[in-house]
Amino acid sequence: MKDVLERAVDKAMELGAEYADVRVQRTYSNTIRIVNGRVERTIPSVELTASIRVLKGTWGFSSLTSISETDLLEAVDKTFKTAKVGAERIPEPVKIKEVKPVEDKVRLGDIQDPREIPIEEKMEIIFECDKAARSIDARIVRTDYNYSDSVKEKYFCSSEGSYIEEIIPFTELRIVVVAREGKVIQQTIGRIAASAGQELMAYADPLEVSERLAQDTVKLLSAKSPPSGRYPVVVDNGITGLIALSTGLMTSAYFALMPESELGSFAGKLGQKVCSEAITLTDDPTSAGMPVIFHYDEEGIAAEPVNMIESGVLKTYIHSRETAYKFNAEPRGHSRAPNALFQPKPIVSNAIIKSSDLSFEELIEDVKEGIYLRGVVGATIGRIIQCTTMMGYRIVNGEIGEPLKGATFIVDASKDLFNVDAVANDFDVLPLRLIEGDKFYPVSGGGPHMKFKELKIGG
Amino acid sequence: MTDIFSIANRVLKIAEEEGADHCEVYIMNRNKTDYTFEVKAGKKTFNGISSTIRGIAIRAAKGGKLGFGYSSDFSEEALRFTIRSVLSVAEETQGFEGFTTPKTVSEVKGTYDDETANLSIEKAMELIDLFEDSIKGVNEDILILESSLRHCVISTVIVNTAGVEVEEKGTYIGIGTTLSVKGKEKITYPFNSSRRTMNSLDLEKLGETAANDVLRLTEKKSIETGDYEVILSPKVLAELLSYSFTTSLCADQVQAKLSVLEGKVGEKIASEKLTLYDDGTYEEGLYTTKFDDEGTPTQKTLLIEKGVLKGFLYDSITANIDNVESTGNCVRWEPPTWDVFFARSFSCRPRVWMSNLVIEPGSKKLDELVGEISKGLFLLNIFSGFTMSPSGDFNLPVVHGYIIEKGEITGAIKEATIQGNVFETLKGINAVGADIDIVIPDSTSGSLISPHIRLEKLKVISAD
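In order, the protein sequences belong to chains A and B.
Start counting the first sequence at 1; every next residue gets the next number (our numbering).
Start counting the second sequence at 1001; every next residue gets the next number (our numbering).
It is worth saying that the hints were derived from the structure and are not from the lab.
There could be a bad hint or two in this list.
When the alpha-carbon atoms are kept at most 20 angstroms apart in a straight line, the in silico PhoX-like pairs for lysine-lysine are as follows [as the list claims (entries may be wrong)]:
1) A:Lys95 to B:Lys1044
2) A:Lys152 to A:Lys183
3) B:Lys1032 to A:Lys84
4) B:Lys1040 to A:Lys95
5) A:Lys224 to A:Lys456
6) B:Lys1043 to A:Lys326
7) A:Lys273 to A:Lys354
8) A:Lys183 to B:Lys1257
9) B:Lys1300 to B:Lys1310
10) B:Lys1040 to A:Lys97
On a predicted model such as this, the values are computed, not experimentally measured, just so you know.
Pulled out of the complex, with its shape left as it was, chain A reads as follows:
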């Protein structure tokens, strides 16, 4: 592999490029979907993706699903020409921050490789969970299990002499449970995911998650609808995670360079207060047990945790080499891409809001009449975060009261993030999928329970 990738970047440099890199990713994957105890689909796949990036005044980029030398060299020619012609039509050439070349091979850790486990065994676990969920109550009318596992082999080679290989596993189970009584239909969603192998399906206890979801769904049938209006609101770890993710995306220098874009509201805000002092926000692609883990980013830079927001103040953006040059900052390994077919750009991996030392009881003790929201069903993010939650509870005089059905709430990032009163001392993380046009990134958000002085709840 190394030789052919080196010949491709060498060819780009011979043509006159300032910089070139090649990425290759081979992904072995299995997806299984079981609906109401019946196998809906099982899809095995092998995906080979590769791309070439050439800098000559601006970027040229080509992606392909072949790693034959002929195809790669042909792509280099085309990519170089694209960059050259494009550069003549823009006022300012693109530059990248200098970095030291790296040579490294990161192997699979001590995991159960999903490729070595027969599909029947994987299905057996899901069947068991499904059966358990459906036996909780006769009012459960639908269960939907989406399982997938993958092993990614990644290769990176640059004209500066970097050559990196890294193997990354990922296993995920998403569970939807629907209950019905007469005309009332309620739904809950559970997600288990980590950069891990088949062992996740043991330690994450999908059976327990399934039973709990089923019990919650049935409980919701008789729950009251949430009220509408502005209330003091406490959100659970997953919802905090969603807010961490949305805020984290706004700390990407890529979006900060587009002030008019939906995620561009942190443009020009370095060193300024962008949210409540209760919020310290980190992006960490390196901690064991997190849903997204990598040692090197898509530009071959070693990944490290970065505190973007400290006590409400925007300390730094996360960068690619191009944005790092513009802001005279250091790239710290946060450039990502869904696979080798796409251009890298700075995107958060695990966006985490730091916990405090306050217990959950202390967090809610001064709430006279408020709402406690739990569970993310779905959300759109940006300047305005709109989220549908799974369920809620009333908070009355500092105590958790009657359960409520799911609510939608709206967070206006420019105002409501300043309204965060306090965060608790607990922690959990929610694996999510970030969808942007035809691109799809595994991401996660996490943190403690979080309290808003006031938030808009819709019916």
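On the provided structure of chain A, position chain B as indicated by the hints.
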């Protein structure tokens, strides 16, 4: 192409060696180039991307059980691994009686052009200049925040053990821009258009249309909540029809008793002004192909005639269950796969889906549709209808639209949401335009070929 056929036949051979009774191989090659100029923090930037994606999808059956899998790695090792995996996950499949047998493929026009396929970067730059000039020619105050041109060649090969051996090649080209107006920078207007060949993409006219639209959108006014007579652009109609309505027309959904149209063939389900086809052979259609994604010839299928439901869409498996012929609507798509031209992929399991939905044009010019409204709205663009429930209920924000008073456009809608049920909405069509546009919905596969239509009334909620 010969080497693609030899790879496909090699897969059939490996499948036989691995013990498959039936096998089908689908190979897609997509060659796409995209040039974008974008103003970022006040400076013009360029991005040039090209991609060559090919992949192989395999359906194989053993002992009556059918499996599916795919690979974009064409090495012998990867292909054998995929076939073994496919056979290991094969399932009992109701309606599967072997793969499609050979038939004469459909004749299609205007779907391929050498010049579009081989467009050079220099020529592409000329076309972008021409498009930008036609925008600036309308008004000097218009700001071009983004302009892009993309083109694509897709070739497909299907080979199966029943003797099918077909191939096809198609081209696509599209232009896009995001506009604003000096002094009104908060209003941005994205505009896109795609066609099959360079000559059918009228850049000067498209530039003028986009420019005139953005100028009219700057006079934002609040509206009151209420029922309005409303004109829907083809794009808005595409979003409304794109999910729950289309889903209900698919035989697999009907057979699973998930379609609200089940058992309604012969009944009036829409206004008598509405006649609707699915037409995989439409000249220059974005989803026009000679054969569907399992090799069945495409066709024009009448779905609604003067408001009366006439039938459903079928692939070979669902057709066997109902003992009818396939309508050539086997489509390799599933959410969230999306593409600016042709949202189908080797990585998606075949299912029943639309190709080009075609609404038969009426006789009214757009001026007449507007002129006959005393107080109403003209919706240009709404949020994607992809989130709609199978019931057809919608609650979608308006992205851009005009206010009509006494037969004239007098301003643009500031912020509003439309509410209703798509099956009810279609009963309220009171006029169908004579114009035709080819548009694609934001999150689903398939295109809509449609005129503007007018609704008697639509509930519009003001956000002010």
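Hints versus structure:
{"no.": "1", "hint": "A:Lys95 to B:Lys1044", "verdict": "15 angstroms, holds"}
{"no.": "2", "hint": "A:Lys152 to A:Lys183", "verdict": "45 angstroms, violated"}
{"no.": "3", "hint": "B:Lys1032 to A:Lys84", "verdict": "19 angstroms, holds"}
{"no.": "4", "hint": "B:Lys1040 to A:Lys95", "verdict": "15 angstroms, holds"}
{"no.": "5", "hint": "A:Lys224 to A:Lys456", "verdict": "18 angstroms, holds"}
{"no.": "6", "hint": "B:Lys1043 to A:Lys326", "verdict": "13 angstroms, holds"}
{"no.": "7", "hint": "A:Lys273 to A:Lys354", "verdict": "17 angstroms, holds"}
{"no.": "8", "hint": "A:Lys183 to B:Lys1257", "verdict": "18 angstroms, holds"}
{"no.": "9", "hint": "B:Lys1300 to B:Lys1310", "verdict": "13 angstroms, holds"}
{"no.": "10", "hint": "B:Lys1040 to A:Lys97", "verdict": "19 angstroms, holds"}
Comparing the model with each numbered hint stated earlier shows that hint 2 is the single one that does not hold.
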